[in-house]
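Student: These protein sequences, in sequence, are chains A and B.
Those letters in the first sequence? Residues 1 to 112, per the numbering used here, in order.
Those letters in the second sequence? Residues 1 to 440, per the numbering used here, in order.
I should point out that these hints are in silico values taken from the structure, not numbers from a laboratory.
Glycine included, every Cβ here is placed at the ideal spot set by N, Cα and C.
Certain hints may be false.
Unchecked claim - BS3-like, lysine-lysine: derived pairs with alpha carbons at most 30 Å apart:
| id | chain 1 | residue 1 | chain 2 | residue 2 |
| --- | --- | --- | --- | --- |
| 1 | B | 300 | B | 408 |
| 2 | B | 301 | B | 225 |
| 3 | A | 60 | A | 90 |
| 4 | A | 34 | B | 161 |
| 5 | A | 85 | B | 301 |
| 6 | A | 107 | A | 2 |
| 7 | A | 34 | A | 85 |
| 8 | A | 12 | A | 34 |
| 9 | B | 227 | A | 85 |
| 10 | A | 34 | B | 408 |
| 11 | A | 60 | A | 85 |
| 12 | B | 227 | A | 12 |
| 13 | A | 9 | B | 408 |
| 14 | A | 34 | A | 107 |
| 15 | B | 350 | B | 408 |
| 16 | A | 85 | A | 107 |
| 17 | A | 60 | A | 107 |
| 18 | B | 161 | A | 9 |
| 19 | A | 60 | A | 2 |
| 20 | A | 12 | B | 350 |
| 21 | A | 2 | A | 79 |
| 22 | A | 34 | B | 300 |
| 23 | B | 161 | B | 350 |
| 24 | B | 408 | B | 352 |
| 25 | B | 301 | A | 34 |
Stated by the list, open to error - Some residues of chain A that are not near chain B, with every Cβ distance over 12 Å (derived):
| id | residue |
| --- | --- |
| 26 | 11 |
| 27 | 30 |
| 28 | 45 |
| 29 | 46 |
| 30 | 82 |
| 31 | 104 |
Stated by the list, open to error - Label-pair restraints from in silico Cβ distances:
| id | chain 1 | residue 1 | chain 2 | residue 2 | range |
| --- | --- | --- | --- | --- | --- |
| 32 | A | 14 | B | 296 | 46 to 52 Å |
| 33 | A | 10 | B | 239 | 18 to 24 Å |
| 34 | A | 26 | B | 224 | 44 to 50 Å |
| 35 | B | 350 | A | 10 | 35 to 41 Å |
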Amino acid sequence: MKLIIATIKPFKLEEVREALTEAGIRGMMVTEIKGFGSQSGHTEIYRGAEYAVNFVPKVKIEIVVTDTMVDQIVETITKTAQTGKIGDGKIFVIDVNQAVRVRTGEKDEDAI
Amino acid sequence: MKINKPLLVGMALTALPTLALAQDATTPSFDEIGPYIMTTLLFCMAGFLVFFMAAGFAMLEGGLVRSKNVTMQMTKNISLYSFAAVMYWLIGFNLMYPGDGWSVVGWLGPFFSVTTLDPVGVSAADAALDYASIGSDFFFQLVFVAATASIVSGALAERIKLWPFLIFVVVLTGILYPISGSWKWGEGWLDARGFSDFAGSTVVHSVGGWAALAGAIVLGPRIGKYKDGRVNPMPGSNLALATLGTFILWLGWFGFNGGSQLAMGTVGDVSDVSRIFANTNMAAATGAIAALVLTQLLYKKVDLTMVLNGALAGLVSITAEPLAPSLFGALWIGAVGGVIVVFAVPFLDKMKIDDVVGAIPVHLFAGIWGTIAVVFYGDATITTQLTGIVAYGVFTFIGSIAVWYILKATVGIRVSEEDEINGLDMSELGMEAYPEFSKG
């Protein structure tokens, strides 16, 4: 099992969700986050004073999938979240040791 | 259709004396009591509108402070209004309108004189038929002093302690404002010199602005506002509330300026009131447009908070003479007010004077401009106007800074660094405005 963590541009969330559902995932976790990467910040003006917006709003998606699905899901996210402009986000893949479905007590791949 | 109701009232009232003649030969005619009734009504209606400006100030300030200070800002607004109401009864009203009761003629009214109302069911013979009822006059004047205190609360937000602030409000509304107000509206020395301030660009708004400026200097800026030679913006928590507050103030201003006609008993007076409404509205609109266009040109993006300030600056600008100008006159006077704000806000930041809501640019700077602008349409001279501006400035600024320093030296006026960073809502009141949301 792998945990896929993807940060994407907020306006892409709906498109990514649709594509992932079609690709067969059965659940996802979504968080509104702020952060910086190569896009870093930008400047704005409030009441005549310029200030730096150091953290840019992003959406973080977390999905746990079976090992066989990883490549397909990563590719789906990459394809749908991509605009080609700076700030499209990143994807990380991490090993998952255990999964449990709280309702039934099912474990690991049966639980995801 | 519009004139039907007043006409009916008028006809009914003029008919009354003839019906009553048989019983009471001394019953006054409508010509005698009509102006009293209409002016009293004007004071009540305009007073309600100006009262509602307290809500406008509360929403504007609540929207422009960060969410961790909203409960405190609301607390200050309802408290300052309430203290102003009591102080104006206890000392303020008679101190400001001494009549024959001056302690020092033209300069200082009676030291301690509580306001008493007309007796219940006052007869026409005992009423001030050439003016209005005491209750309506007192109420109308009282809501003005509350506006002055509201100006101070916005500028000093997010770092001042509650009780020292309220002590200042007591002094401002009970003593400082009524004394300086008596110089003009109480028919004191500035009035005698021909100083002109119709509804209070100087008497109300500049006075609030001077008191706020003195407070902001003594209090110092919010932590982190000016760091390493840079200005760090602290965006407001809710611009929808700030916009609502501005619209409420705009509405309230019709009472502020219109009611200051102080008479509605003749065709001329009631027409003047409506003329004032139209001019007041025009100045607010052009103040907003000026700030809208100017921020677009200067910053490439429109700044809503500046547009809101611009509308208010337009209103303050027209307040010293809302009657005499043509609509075109109101247009450019208001627009200049909007321009002043856009330049005054960064200017204050350069001076490291932290004014959270822009109260000093709006009420002091535009108030001075509005008072000067009287010379273009009113019958005041630049010399008398400048005399008034300087007199009010010197008295209010020195009086306020003295009170602020005394408070600072005795009880302290500023919360601790930790309390300020945690927000006054939790540290001073233990109550958040938006408990479901994360800290702003």
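Student: Each hint needs a verdict: does it hold in this structure or not?
Tutor: Status of the hints after comparison with the structure:
no.	hint	in the structure
1	300(B) <-> 408(B)	violated, 42 Å
2	301(B) <-> 225(B)	holds, 22 Å
3	60(A) <-> 90(A)	holds, 10 Å
4	34(A) <-> 161(B)	violated, 33 Å
5	85(A) <-> 301(B)	holds, 23 Å
6	107(A) <-> 2(A)	holds, 14 Å
7	34(A) <-> 85(A)	holds, 18 Å
8	12(A) <-> 34(A)	holds, 15 Å
9	227(B) <-> 85(A)	violated, 34 Å
10	34(A) <-> 408(B)	violated, 40 Å
11	60(A) <-> 85(A)	holds, 18 Å
12	227(B) <-> 12(A)	violated, 37 Å
13	9(A) <-> 408(B)	violated, 50 Å
14	34(A) <-> 107(A)	violated, 33 Å
15	350(B) <-> 408(B)	holds, 24 Å
16	85(A) <-> 107(A)	violated, 41 Å
17	60(A) <-> 107(A)	holds, 25 Å
18	161(B) <-> 9(A)	violated, 42 Å
19	60(A) <-> 2(A)	holds, 16 Å
20	12(A) <-> 350(B)	violated, 41 Å
21	2(A) <-> 79(A)	holds, 20 Å
22	34(A) <-> 300(B)	holds, 25 Å
23	161(B) <-> 350(B)	holds, 25 Å
24	408(B) <-> 352(B)	holds, 19 Å
25	301(B) <-> 34(A)	holds, 23 Å
26	11	holds, 20 Å
27	30	holds, 17 Å
28	45	violated, 4 Å
29	46	violated, 4 Å
30	82	holds, 28 Å
31	104	holds, 33 Å
32	14(A) <-> 296(B): 46 to 52 Å	violated, 32 Å
33	10(A) <-> 239(B): 18 to 24 Å	holds, 20 Å
34	26(A) <-> 224(B): 44 to 50 Å	holds, 46 Å
35	350(B) <-> 10(A): 35 to 41 Å	holds, 36 Å
Comparing the model with each earlier hint shows violations of hints 1, 4, 9, 10, 12, 13, 14, 16, 18, 20, 28, 29 and 32; every other hint is respected.
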